[in-house]
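Chemist: Here is what each chain is made of, one letter per residue.
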Amino acid sequence: MNTARKKRRMWVVLLCAIGLGSATALTLTAFQDNIVFFRSPSDIMADRPGPERAFRLGGLVEAGSVERLPAASGQLPTMRFRVTDGVHQVSVNFQGVLPDLFREGQGVVTMGRLTPDGVFRASEVLARHDENYMPPEVADALKRAGQWQPALGPAPAPATWNTMDPARPASQGRTGS
Amino acid sequence: MIAEVGHFALTLALILAFAQSVLPLLGAETRDARMMATAAPLALGQCFAIAAAFACLMYSYVINDTTVMNVVQNSHSAKPLLYKITGTWGNHEGSLVLWVMILALCGAAVSAFGRELPSALKARVLGVLGLISLGFLLFVLKTSNPFDRVWPPPADGQGLNPILQDIGLALHPPLLYVGYVGYAVTFAFAIAALIEGRVDAAWGRWVRPWSLAAWSFLTLGIALGSWWAYYELGWGGYWFWDPVENASLLPWLIGTALLHSAIVVEKREALKTWTILLAIIAFGMSLLGTFLVRSGVLNSVHSFANDPERGMFILGLLMFYLAGAFLLFAWRASAMIPTGIFAPVSREGAIVLNNLLVCSITAVVFVGTLWPLFADSMFGLKVSVGAPFFNAASFPLVVPLLLAMAAGPLMPWKRAALAPLVMKLWWCAVLAFAVFFGALLLSGEKVLPAVGFAFAAWVIGAAIADLADRTALFRTNPANAWARARGLPRAAWGAAIAHAGIGIVAAGISGMGLAQEKLVAMAPGESTMLAGYEWRLEGVRDVEGPNWTARRATISVIRDGQVLHVMEPSRRWFPVARQNTTEVAIRTNLLFDLYAVIGEEDTAAGQAIIRIHFNLLAPWIWLGSAIMALGGGLSLSDRRVRVSAPSRRTAAQGAPA
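Chains A and B are the protein sequences, given in the same order.
Taking numbering that gives the first Met the number 0, the leading residue of the first sequence gets 0, the next gets one more, and so forth.
Taking numbering that gives the first Met the number 0, the leading residue of the second sequence gets 0, the next gets one more, and so forth.
This is chain B alone, in the form it adopts within the complex:
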């Protein structure tokens, strides 16, 4: 019964989405206020309907309703309650319902917070969102209905993939989806602007918070995925340049470019067509990511057994939205007249450089990710493109990006001179060189990590220099600087903090370049040395869990005869799925991680294979990402964003600085 209610709610949402994609757009075209006014209630209604469907699905999971196919395939009565709940979106069908629900929530948010939006623009944005929702709801109902029944019901479900029975799963997909779907909103704004043929500061002011929010969530989602892979897969790495990881990186990169170019639209009314194009591509990349994950066309660790029909459907949706958007763009883009002009050396110029470099990196990652698909379909070649390619091709582009991102915020708009810039940044360069030589000396002359540390110091130093400059820290007395710091817009703080976050991530990645690892077969009582620590295997014992059994090793980490840590990595066996998972033991002090994994055991020799890692600065990768997202959030809470955007008329008279 509940499943039927869910199915009905989803169908209802489809009908509402259809109405939402027709009435407001038609109303905006014919200037019919009543038709335009239907957008907000339709978006709210759609949101309620999908939320109800999602709740029904979750209920079926919680009570382990084995007459529902989706539950049978992905759940089991012995699973802990938390994973029954998170398991709702731990599968194809459920995750798509989550996707459309977040989309509907975004639509509801636009209609709720967008009271100040010009009514035609609002109607068009919601109409486009309705159109996107329509496509995906059709996809869910046509190919991936989560409410399909099975009769007679089997005794119990087949269980959730054990790797997914983790708290990381509870958070990673929703955060990532908020990011992906957030770009649907900027896309809708872009399309609405193209239809209206007008982009101005007010438009930029509406697009920026959405691109900021999407970017912040995507940053968190990607970082969480990377962290999850780090501790759950037990390979000791944090990024594998796997196609699906790349698929989430692509919208992030374009989103980063969009975030910056939207500032130029808002402040200077320049780069309008470019920003529109980025908004379209960012959503395109989000759809591409969804397609790559859901179709399984690429060989990836994320590849689940899958259905080609679904891939084709998403590809069709991707084509439909992008072809439509690009046609509209080709037709209307010439109507966007830039009003602000700027010199090449200026903050606008720095942002153009940022966009250029970020888009070049995107192009490299895009080509590398899709090349195997292309080579297979065109030349019948089975190839793979791995980490060495991405490192070799993208790092040379990251270097100028890091160099330039330090200078950008310190430059004034319109026209900048290089001399004051040098005055503000010289000490960062000195710091970077000092760090380079220091790291070279300490690491035993490993050049690449030292270069990485130098750039990290440069970027973090420049973020501090930026704040110091804005608060006039070294030019006036501290009290004055404090007053200035309090008066500084939160967007300025956010930008500096996000930039510093990039520096921290860069330091973490460089630190991982100095990571040490060792793979040993040990019998209990034996020990081995790594990174100046003695690692002693004390023993291996059996442990019983709710739906698994495990072999758990006890490893003492000893320095100077003192036991510093006792680590207990284990290897779990899930009988329902007939599958092993690795439970890594990690001890961190925020400067480095001690990381231990137990592999197979040789009962005859009484040995277990133990892999141990010393991961220098590994936590900084995720810490830095969180700081980046924090910077985004701070920027989002800026008064300028919270206070209603200026109305069209005042914006047309003179762009606010």
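Isolated chain A, as found in the complex:
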């Protein structure tokens, strides 16, 4: 009875070790290849990632920057817009259907790669459920760029961003739009 229980316990411990070990190994190997970093436009200016590494780019869609590039017949039109954190901008090309909540002046997170000419080629533009929602990374990027202090109110209107003085708190230089 007792040896049987001991033997069973040994089996269970062995199985658990195998299970946990393989789960850990799988997690670590999958992590290596599949973790995607978030970068703001300022991050990209500071340290430009190579074209081989996919990452997420986030910020606000700059007001008035969205344009549709003319497409050849049967081809999909490419959307081009600029993503800004108030200090720097990155041009983004995206071929596809923009999500329902994509709008100028709103927070956006895109996923893709930076081409050698400095244009971000997005494979995915992420949608949100709620128009008042600010992706946490975008909010953080705005804070780091010194453009928005959440305590002082909502994010500034993007139309004002390129002329904004980074040293000045954003919510004072805000104009309604």
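Hints were generated in silico from the structure; no laboratory data involved.
These numbers come from a predicted model, not from an experiment.
Any given hint could turn out to be false.
[Said to hold, decoys possible] Under the rule of at most 30 Å between Cα atoms (straight-line distance), these lysine-lysine pairs were calculated in the BS3-like manner:
no.: 1; chain 1: A; residue 1: Lys5; chain 2: B; residue 2: Lys266
no.: 2; chain 1: B; residue 1: Lys423; chain 2: B; residue 2: Lys413
no.: 3; chain 1: A; residue 1: Lys6; chain 2: B; residue 2: Lys423
no.: 4; chain 1: A; residue 1: Lys6; chain 2: B; residue 2: Lys413
no.: 5; chain 1: A; residue 1: Lys5; chain 2: B; residue 2: Lys413
no.: 6; chain 1: A; residue 1: Lys6; chain 2: B; residue 2: Lys266
[As the list claims (entries may be wrong)] Facing chain B, according to a computed beta carbon distance under 8 Å, are these residues of chain A, among others:
no.: 7; residue: Ala22
no.: 8; residue: Phe30
no.: 9; residue: Asn33
no.: 10; residue: Val35
no.: 11; residue: Phe36
no.: 12; residue: Val65
no.: 13; residue: Glu66
no.: 14; residue: Leu68
no.: 15; residue: Leu75
no.: 16; residue: Asn92
no.: 17; residue: Phe93
no.: 18; residue: Val96
Even glycine gets a Cβ: it sits at the ideal position worked out from N, Cα and C.
Given chain A, put chain B in place with the hints provided.
Modeler: Frame of chain A; chain B shown alone:
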């Protein structure tokens, strides 16, 4: 006035919950029968109070009472009546009232159906449920009161998020919540057992139906959410490994493990501490899911604008319940003495393997889901973990799980031999290989989907083999087998059907691996080819709805010169919310879906962006999930569950087989 009544009812429920969490537990400790007897009426009273509060909130929505803040923020007079009703739980505050109401209903159900429960156990279970209810009612009243007034009232509400104005919303949250909250009951049973220091077959017999019911509802809730995302978001996918989706998958996985280990407790009186631990973790995962959704700490499609105070409160509740449970566990778990022993190769052994693999998958999903949060708070790194990680890390664990789940039900308890197993399953292996090569040939040598199909065939075949074995289908004449099939317990049917459901889901997921999609800009009259069909855009026109306007495309799907389907996807514009939504057009024949979405239009070029998909076996994902839940329901209706559980004394004498 009605809002104040609702607020009062909620406060009353809080007081009743407080009484329910003190008196019965105290009574069970001091063996005071009168105090223990207060549990059932208190649970019923609490249930009525919360139901009254919920009805008041719903009334405020239906009459569009703009003096109620919650209504102003989430409703609008132009909204159809159905969405005014479902909108009651389409927001943070309302959904929490629904959460506590379902919890109170579960408590009332325990007190109503648990007449045969030993009175101390019943009092303790209801006491723990009262304690959970107390925490959440405090949360509702402190941070998320749905009855707050606003004065002066605005002319009209701000409207419900258009994406939520859908029948999917009417059903998805309630089903999911029944699942989440069902694990509160198994948690309460676990805590009660820890306090009593005793777990036996009778306990297992009470826990199993609750874990079955919770699991079945959670399965339906998750499947419905996935289906809703499939047709409402218009991305053509069914699962995005989004943090909030994962948050519902975590309790489901642990719940699956619990479901199986509870059988071992009931039948064999083994794995007792482990089952208790699973019951605690399953509820912990449910709370974690609630926390992740409601706090918005993770970047998710479900993230609504939110309030950090609420997140902290739920985190506090999570800590309180889990820390308490684990302390109790550490203190009392050694009192649980396993009586049944078993060999590694046996049905118990197979269930241990199931638990191990399911828990490993849970660990992988858990780490992947919470890693961004961890990396941010520890290293200040902004990272995201997406679908490629979850696929790469969880699929290798799913493979042995599918392999083993076929064998488990065919093994006898205590000790099994491998030779009879091979005799029963060899034809399933042949079938799986045949399906593999067939799929490889037909799909143009796509290996992964073919492997998926092979496993699906293996699992479904094994479920049939299980039933054939139990009814002795190939060993006796058909009449005898029919008689045996009729005499088979429903739990056996339920298990086989649920396992087959997993196989069907696996086939659906593999089929989606062969899905084709195409994104084109088309002018009316133009057409494009996909999956052997010609898709022709006939035109785009304006359509007027009750609270929206839309652009609706007409697309003919043509094969061999014949129009097979006319599909009308549209893109709606909701002026109140200033938001677009996508209305997908889907034509299904249960083998594949034709799926069309209209995107933006370029009026200058006269073109519209159309995305079309050919989704092979997509309906099987939800069909299979429904079959799984059906299996759970069938198992739940088993005579053994309906007939009262054996009393403690008989259970102690000899465990029923």
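Chemist: Work down the list of hints and note, for each, if the structure agrees.
Modeler: Do the hints match the structure? See the list:
1. A:Lys5 x B:Lys266: Measuring from Cα to Cα gives roughly 21 Å; hence the hint holds.
2. B:Lys423 x B:Lys413: holds (19 Å)
3. A:Lys6 x B:Lys423: holds (28 Å)
4. A:Lys6 x B:Lys413: Judged against 30 Å, a Cα distance of about 14 Å means the pair holds.
5. A:Lys5 x B:Lys413: The hint holds at about 16 Å.
6. A:Lys6 x B:Lys266: Given that 30 Å is the threshold and the Cα spacing comes to 21 Å, the pair holds.
7. Ala22: holds (4 Å)
8. Phe30: holds (7 Å)
9. Asn33: Hint on A:Asn33: holds, closest Cβ of chain B at ~4 Å, below 8 Å.
10. Val35: This interface hint holds because 5 Å falls under the 8 Å limit.
11. Phe36: Where the cut-off is 8 Å and the nearest Cβ of chain B is about 5 Å from A:Phe36, the hint holds.
12. Val65: violated (11 Å)
13. Glu66: Result: violated, 12 Å to nearest chain B Cβ.
14. Leu68: Hint on A:Leu68: violated, closest Cβ of chain B at ~11 Å, above 8 Å.
15. Leu75: holds (5 Å)
16. Asn92: With a minimum Cβ separation of about 15 Å from chain B (threshold 8 Å), the hint on A:Asn92 is violated.
17. Phe93: violated (11 Å)
18. Val96: Holds, about 3 Å.
When held up to the earlier numbered hints, the structure conflicts with 12, 13, 14, 16, 17 and fits the remainder.
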